[in-house]
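In the order they appear, the protein sequences are chains Y and B. Residues in the first sequence are numbered from 10 upward in steps of one, following my numbering. Residues in the second sequence are numbered from 4 upward in steps of one, following my numbering.
By construction, these hints were calculated from the structure, which means they are not laboratory data. Among the hints, erroneous ones may be present.
Stated by the list, open to error - Derived lysine to aspartate or glutamate pairs resembling DMTMM-like cross-links, with alpha carbons at most 20 Å apart:
| id | chain 1 | residue 1 | chain 2 | residue 2 |
| --- | --- | --- | --- | --- |
| 1 | B | Lys-229 | B | Glu-175 |
| 2 | Y | Lys-102 | B | Glu-175 |
| 3 | B | Lys-166 | Y | Glu-111 |
| 4 | Y | Lys-87 | B | Glu-201 |
| 5 | Y | Lys-87 | Y | Glu-111 |
| 6 | Y | Lys-102 | B | Asp-207 |
| 7 | B | Lys-68 | B | Asp-128 |
| 8 | B | Lys-30 | Y | Glu-112 |
Quantities reported herein were computed from a predicted structural model and do not represent experimental measurements.
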Amino acid sequence: MHEISLVRTILRTLEDEFPADMDRVRGIYLKAGLLANVQPILMQNAFQAVVADEPRYQQTSLHVEVLPILIRCDDCGKTTQVQQYRFICTCGKPSRNVIQGEELLISKVEFDD
Amino acid sequence: MTTVKPKSNQASVGSVQCENTTLNLLKVNDFVARAIRDRLPDILVINVCSSPGSGKTTLMQETGKRLRDRLNMAVLVGDPETERDAIRMREVGINALQIVTGGMCHIEAQMIYQALDHIDLTGVDLLFIENVGNLVCPAAFDLGEDLRVTLLASTEGDDKPKKYPRMFLTSELMVVSKADLLPYVPFSVANVVQDAREVNPDIDVLTISSLTGEGIDAWCDWLLTKVAEKKGVLTSPAA
């Protein structure tokens, strides 16, 4: 959803965080949980479209990693990967204790010297 | 003029990395959502979500009529365009303010925060936020609500909880609406409850028809209980 505005938000977030270094940004790494509804290929297309008008980002690439949904069982404490949106632990107990899968984060930034 | 270097040069020796940063892309929204919670400590705020046309506004109208003597209720209603929903609610005496999102498919916390300056919430017990009809994007945006309620009309089909899991995962209550049409459409309440609880085992379920009044008493009771719980938290912090 909203790939263009997400790309703009990514750049704005980094411009706020590293105002003096943005001409040196070479790699931006995004972690998107499966529940964030982010499609990597659409993000790449949106990124290309947005930076096309911004000379300072011509050498910058975007990397999107989609993270599976993980739940931690309140009962047995085990961590299980959610398949087919069945939020049920392998021990059989339902759980909505999502410990991974909702995030939308910039996890790493690479700068050139 | 910037020279564009070949892409293969980008992994240059001596590049610095900033690892394990956690720059949350929704941090601005979440920050404003917290400010909304701080600003409304004694009003129960419910974010009402659904597809377009599932009966949110009609349910708001019915709720306003039923509870007008027992609760002071207000509604912020979001739509991409027009003030029609707010007008519909004012016609039945509900204190309603329209948020025109200007084409946007969801409400963000900032819009609610600004709207709070333009609606009189003196003495209000219950504030509904009627979100834009959409089961995808609104799920990701915290509006500072206490509870999220998702409507699912019998005419939409009973496969929605698995198709739009995040919305049902983040809701406290699923309301199956247009129950008066259940005899005419292939919709199994049992199946939809099972699917919804596979996504969210804690979700409450109510089946209603705003047209015939079926289930509306149970819905009103649910609201009265939640309003009392919110105010109870305030008046007896030891509880």
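Structure versus earlier hints, numbers of those that do not hold, lowest first:
Failing hints: none at all.
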